[in-house]
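S.K.: Chain by chain, the residues run as shown.
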Amino acid sequence: MLVVLGTLAQKDMGLFAAQNRYFSAWITWFWYVPMPGGRLTLIIILINLSFFFFNKSIWKIKKLGIVILHLGGILLFVGGGLTAIFSSEGNMVIEEGAQSNHVEDYHLMELAVINTSAAGFDEFTIFDQPLLKRNQLLRHANLNFEIEILNYLENCEPARRTSPAGIQYKGMLKNFMLNELKPEKEDNWNRPGLIYQINNTGTNADGMYGIFLGQPIAQTISINDKDFTIILRRQRTYLPFSIKLLDFKKILHPGTDIPKSFSSEINLIENGAVRKILIQMNEPLRHKGYTFFQSSFIESPDGETTVLAAVKNYGRLFPYISSIIMSIGLLFHLSQKLPDLFKKSREKIGS
Amino acid sequence: MVILQSCGQDTHIRTYRIAKPKPPDTAPRDEAPETNSAGFSWKKPESWIPSSGSSMRLASFDIPYSEGSGDLSVIQLGGTGGGIEANVNRWRRQLNLEPQSLSKIEKEMIEKRGGLGVYNIIRIINEEMDSAFLCAILTAGNQTLFVKLSANPPGIREIEADFILFCSSLKISI
Chain Y
191 MLVVLGTLAQ KDMGLFAAQN RYFSAWITWF WYVPMPGGRL TLIIILINLS
241 FFFFNKSIWK IKKLGIVILH LGGILLFVGG GLTAIFSSEG NMVIEEGAQS
291 NHVEDYHLME LAVINTSAAG FDEFTIFDQP LLKRNQLLRH ANLNFEIEIL
341 NYLENCEPAR RTSPAGIQYK GMLKNFMLNE LKPEKEDNWN RPGLIYQINN
391 TGTNADGMYG IFLGQPIAQT ISINDKDFTI ILRRQRTYLP FSIKLLDFKK
441 ILHPGTDIPK SFSSEINLIE NGAVRKILIQ MNEPLRHKGY TFFQSSFIES
491 PDGETTVLAA VKNYGRLFPY ISSIIMSIGL LFHLSQKLPD LFKKSREKIG
541 S
Chain X
2 MVILQSCGQD THIRTYRIAK PKPPDTAPRD EAPETNSAGF SWKKPESWIP
52 SSGSSMRLAS FDIPYSEGSG DLSVIQLGGT GGGIEANVNR WRRQLNLEPQ
102 SLSKIEKEMI EKRGGLGVYN IIRIINEEMD SAFLCAILTA GNQTLFVKLS
152 ANPPGIREIE ADFILFCSSL KISI
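As you go down the protein sequences, you meet chains Y and X in turn.
Numbering-wise, the first sequence is residues 191 to 541 according to our numbering.
Numbering-wise, the second sequence is residues 2 to 175 according to our numbering.
Excised from the complex, chain X in its bound form:
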């Protein structure tokens, strides 16, 4: 049995078209806060584009910046959602960084105040991987919200101000 296989370049090139994801609603968004079924509301900058994400996400956005696009997710978990140390170290592992002790993590956290009261943000950056997370952990009654922005380090610095505004705008809608 002899099977002849073509080795030309064309046999290894494929082309296809895929419809673009549904265009975002371009109506002004920052006039009235958005509310979701879980009972939270927020304000977001106009440039943030709602994206489809896992059903676990309360909200999901593509965030354009000068060198690309970041991904922001909002997750709601019951109780402490595993706690600060476990979650921060899980994010650190995702960026190939060594875990840190709780005391060291707390030193790096920045305290902010918003619609859900005092919350913390933390920057997790791996320059070698050119990847970074900007994360916020917010307590809302007996639940915890995790807001995670994924982009490259310059992107994180560029988006940080909007990120804080967004996190501070999060509140329980009545």
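Just chain Y, same shape as in the assembly:
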């Protein structure tokens, strides 16, 4: 029922929202009725499956195939759990000639507050998506001020003010407002925004600010001789290695604009060592638990840019291992049952 409803819901609410509501949720609501969501359902099935091993009658050699089969099933669920909890997906966008050492999440945002006052480095304080909600107070020892989130907008658009703003408005909000929009069906199409307040700094930086994803000019503030830049961006995961795009190649089907194949020639740079690698369709790069797939590209007079989908999945091998275990269990069970089957068959022919 959950699978049918979740699949049908994807049409109207989009894949990401349906996945969150039906499959990744512990509880899902059908009108006012709470029902177990995908996670809770799978845990109940897993517990149910695990209780099979408390049955004393299964610990016999003739039931060994069934025991192995159940073990494989449990491993499949464990792998699913690891994927659900620890896996991450994002993309790495690199212009030709440039290099990158971070992956940007497809869905999650982060508020980066960057202290740019030091001479040799920038100090980043990152507040993750779970903290970006209404009435949340953001504070950290690195910052000599507090940020109070007044509103988090899942999708918004900046609109020029038609009348002068009050003195409490600072930065972009002096000239613009952030209008909340209905979330798009595809989560990637949303432009999240944030309205926040900076208080009690004793400077003229106190006030109400706004920021949105992709804002062309970042918000900068100075508080007590410290300069900060504030950016709302897709959540970044920094990698222990870098990828430099040497060359992006696209081959079209003859006489059309339809790509036949595209590939990225890259340098994988790690601890000063450089390794040249070709990433192409169906030939991803696997390194340090990450898999980089050739996902897309951007082409313009500003240059060619590759888009690599980056996936980290600790449960990646579990489906393969559990399938092998379940196959062994089934074969074992079949081999034990075969003599009986042949015997019954012979008796049937004899009679």
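What you were told as hints is all true, and nothing was included just to trick you.
Footprint (simulated), chain Y over chain X, 3 or more residues, beta carbon under 8 Å:
id : region
1  : 68-81
2  : 119-130
3  : 146-153
With the Cβ distance kept under 8 Å, some of the chain Y side facing chain X (calculated, not the full set):
id : residue
4  : Glu-286
5  : Glu-313
6  : Phe-317
7  : Asp-318
8  : His-330
9  : Ala-349
10 : Phe-366
Hints are computed from structural coordinates only; laboratory data are not their basis.
Yeah, the Cβ is synthetic: ideal placement off N, Cα and C, and Gly gets one too.
Keeping the supplied structure of chain Y fixed, place chain X upon it in accordance with the hints.
M.R.: Coordinates of chain X only, in the frame set by chain Y:
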């Protein structure tokens, strides 16, 4: 299987340091024109900071102004590089603006004269997005140079005079 996950604020705060990009060369730059390997030279204001950009860029600068910093790129393409209409409308789409006909684009273009002869500049502004481009298209023999400045609308107005000086200084170096 029960997994307990902490919900404290600290688990969702990360800190790290990143070395600042290499400081720009502060030697006076406007005395001798810069030349690049593609055979073009230019003069730029001292306040413009060379930045690292795509290898497609002949030159790339961060341009500070009173409210922030703009990004300027110089791209060289063979032939007409797709033409005025296609390129201007591509820039317009980047600012969520509707495409325009060639005749309308040509009306909005401002003609200037510099080291590469007559060239055109165009302002593309989306006040709602608080974003703007100031672009120049320069013909150099059988090649076309695209100079694009990205900043907010007040920034574009502030930098425009320097932008024109820069574009006018572009020439083929001998």
